[in-house]
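Asker: Using the sequences and the hints, build the whole thing.
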Amino acid sequence: MKKLLLVLPLALTLGGCPSMSETLNAVQLATVGVASPITKQDLNNFENGMIIAFAGLNAYKRVCVKGTIPDSCKDTIRSMQVYTRQLPPLLTQARAFVKSGDQINAQRVYNTLLDLYDRFKTIAATNNVKVS
Amino acid sequence: MDIVAILALVQKGLSVAEAIYEAGKDAAPAIVAIKDLVTGAQNGTVTDEQMAQTEALLDGMIADFNTSID
Numbered sequence: 080m081k082k083l084l085l086v087l088p089l090a091l092t093l094g095g096c097p098s099m100s101e102t103l104n105a106v107q108l109a110t111v112g113v114a115s116p117i118t119k120q121d122l123n124n125f126e127n128g129m130i131i132a133f134a135g136l137n138a139y140k141r142v143c144v145k146g147t148i149p150d151s152c153k154d155t156i157r158s159m160q161v162y163t164r165q166l167p168p169l170l171t172q173a174r175a176f177v178k179s180g181d182q183i184n185a186q187r188v189y190n191t192l193l194d195l196y197d198r199f200k201t202i203a204a205t206n207n208v209k210v211s
Numbered sequence: 002m003d004i005v006a007i008l009a010l011v012q013k014g015l016s017v018a019e020a021i022y023e024a025g026k027d028a029a030p031a032i033v034a035i036k037d038l039v040t041g042a043q044n045g046t047v048t049d050e051q052m053a054q055t056e057a058l059l060d061g062m063i064a065d066f067n068t069s070i071d
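Order-wise, the sequence lines are chains U and H.
The numbering of the first sequence is my numbering, which starts it at 80 and goes up by one.
The numbering of the second sequence is my numbering, which starts it at 2 and goes up by one.
These are computed hints drawn from the structure, not numbers from a lab.
Check each hint, because a few of them may be wrong.
As the list claims (entries may be wrong) - In silico DSS-like cross-links for lysine-lysine, where the CA-CA straight-line distance does not exceed 30 Å:
#1 K119/U <-> K178/U
#2 K36/H <-> K178/U
#3 K119/U <-> K36/H
Answerer: See below:
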């Protein structure tokens, strides 16, 4: 299989907020497997998936700041930030490696990005932010 | 990517956009990203200019989320 699509859904339930009581449903990150080269298109798809994810996270943060959901949301956000703050330099590296054709390092960094995503997704789940 | 997978992606992405609207935040970036995801999946090609735009947008959104919350 040349390409492998990993679907990483992220759903954030904003409990306690009347206007946001429904789920911020499934954000999917399109990624490639380590057994195949990461193309510019693959990286762009991945980054577009991240844009959708962060649109949801920023919406969650916004209602948290406004105080329309329980104050514990701040701790949840801080916990996720431990991992999301590691993303920028890794993204910079991934972009450089993909564009220069350094596939070994591109895939290594890519896996680290996926691991970070999994970690903040897990933290979200353990803090009553529904993740599915 | 087959049409079923694309439609599922659009459906789920739009539900995110709807929630973003409800939060009073501009959903345009998410909608553009959904469009680009589907277009990219269909075409399999991306230009350097498109990559630069995606990168700038994502960097900004991550920076937004990463700001301290008090």
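Asker: Provide an ascending list of the numbers of those earlier hints which the structure does not satisfy.
Answerer: No numbers; nothing is violated.
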